[in-house]
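Enquirer: Residue strings, one per chain:
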Amino acid sequence: SQKIEQNSEALNIQEGKTATLTCNYTNYSPAYLQWYRQDPGRGPVFLLLIRENEKEKRKERLKVTFDTTLKQSLFHITASQPADSATYLCAPSNAGNNRKLIWGLGTSLAVNP
Amino acid sequence: NAGVMQNPRHLVRRRGQEARLRCSPMKGHSHVYWYRQLPEEGLKFMVYLQKENIIDESGMPKERFSAEFPKEGPSILRIQQVVRGDSAAYFCASSPILGQVSRGSGNTIYFGEGSWLTVV
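Taken in order, these protein sequences are the chains called Y and B. Everything in the first sequence is counted per the working numbering, starting at 1 for the first residue and increasing by one. Everything in the second sequence is counted per the working numbering, starting at 1 for the first residue and increasing by one.
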């Protein structure tokens, strides 16, 4: 069955450093992969979408890579800030099949001042 | 996730009562999705609706759960005869018609803040 794996351990980093979060998937060939942020007691917030034919995508301090050979996406936050502390979720999807996004459990990131 | 409105934010029900959760999609969105998030678990797809149509309900429990998205008004997720195991956060999300340009793409969905159901 399709499986999404994200770093299960919480990630603690110092302010100003780069945070790197991993999303691995198996038994799946997604056309897209999306990253969301979720704060406690809140709904997920869309951050970035990367397509299978894109190796890398950037948005301000965020960078996402998508390696379809390794079946992996990496999510980077550069110059991290305490406000970046949250849980980050990845969700691969097939074209036209967004309604059944399969979600990873998320990685909790804590940026210490 | 601005724009997708869910209410109530918090709901407490006794076992056996009914819970009704409401969701108004983002303006211009015609697709609504319901997800459930249990403590320490990931988001699980429940149902996908368009106006007056259930497109995919493969994630819905077979009994006690139902969803609708009428021509007028919000989408409703209804849980009858609630049990303790129904306690969870229920998230609604919406998206525009597939293929239309949006902030992300036609495949991006935008979430509400969730409705937290507690069954006592």
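Don't read these hints as lab results, they were simulated from the structure. Be careful, since some hints might not be right.
Said to hold, decoys possible - Straight-line distance between alpha carbons at most 30 Å, and here's what the computed BS3-like set of lysine-lysine pairs gives: (1) LYS3(Y) <-> LYS55(Y); (2) LYS71(B) <-> LYS44(B); (3) LYS57(Y) <-> LYS3(Y); (4) LYS44(B) <-> LYS27(B); (5) LYS62(B) <-> LYS55(Y); (6) LYS71(Y) <-> LYS3(Y); (7) LYS44(B) <-> LYS63(Y); (8) LYS44(B) <-> LYS59(Y); (9) LYS17(Y) <-> LYS71(Y); (10) LYS17(Y) <-> LYS59(Y); (11) LYS71(Y) <-> LYS55(Y); (12) LYS57(Y) <-> LYS71(Y); (13) LYS71(B) <-> LYS71(Y); (14) LYS27(B) <-> LYS57(Y); (15) LYS3(Y) <-> LYS62(B); (16) LYS17(Y) <-> LYS63(Y); (17) LYS3(Y) <-> LYS71(B); (18) LYS51(B) <-> LYS59(Y); (19) LYS63(Y) <-> LYS3(Y); (20) LYS3(Y) <-> LYS59(Y); (21) LYS59(Y) <-> LYS71(Y); (22) LYS62(B) <-> LYS51(B); (23) LYS57(Y) <-> LYS44(B).
Bear in mind that the values here come from a model prediction, so they are computed numbers and not experimental data.
Enquirer: Do the alpha carbons of LYS62(B) and LYS51(B) lie within 30 Å of each other, as the hint requires?
Expert: holds (22 Å)
Enquirer: Tell me if the straight-line CA distance from LYS44(B) to LYS63(Y) falls inside 30 Å.
Expert: holds (26 Å)
Enquirer: Between LYS62(B) and LYS55(Y), does the CA-CA distance stay at or below 30 Å?
Expert: The given pair, whose Cα atoms are some 41 Å apart, is violated under the 30 Å limit.
Enquirer: Check the hint pairing LYS3(Y) with LYS62(B) against an upper bound of 30 Å on the C-alpha distance.
Expert: holds (24 Å)
Enquirer: For the pair supplied as a hint, LYS71(Y) and LYS3(Y), is the alpha-carbon distance within the 30 Å limit?
Expert: holds (11 Å)
Enquirer: CA of LYS59(Y) to CA of LYS71(Y), is that 30 Å or under?
Expert: Cα-Cα ~22 Å, so holds.
Enquirer: Are the Cα atoms of LYS71(Y) and LYS55(Y) separated by 30 Å or less?
Expert: Holds. LYS71(Y) to LYS55(Y) sits at ~12 Å (cutoff 30 Å).
Enquirer: Taking only the CA atoms, is the gap from LYS17(Y) to LYS71(Y) under or equal to 30 Å?
Expert: holds (26 Å)
Enquirer: Does the structure keep LYS51(B) and LYS59(Y) at a Cα separation of 30 Å or less?
Expert: violated (34 Å)
Enquirer: CA of LYS3(Y) to CA of LYS55(Y), is that 30 Å or under?
Expert: Holds, at roughly 21 Å.
Enquirer: For the pair supplied as a hint, LYS71(B) and LYS71(Y), confirm whether the alpha-carbon distance does not exceed 30 Å.
Expert: violated (41 Å)
Enquirer: Is the Cα-Cα distance between LYS71(B) and LYS44(B) 30 Å or less?
Expert: holds (26 Å)
In the structure shown, a violation is registered for the earlier hints numbered 5, 13, 17, 18, in ascending order.
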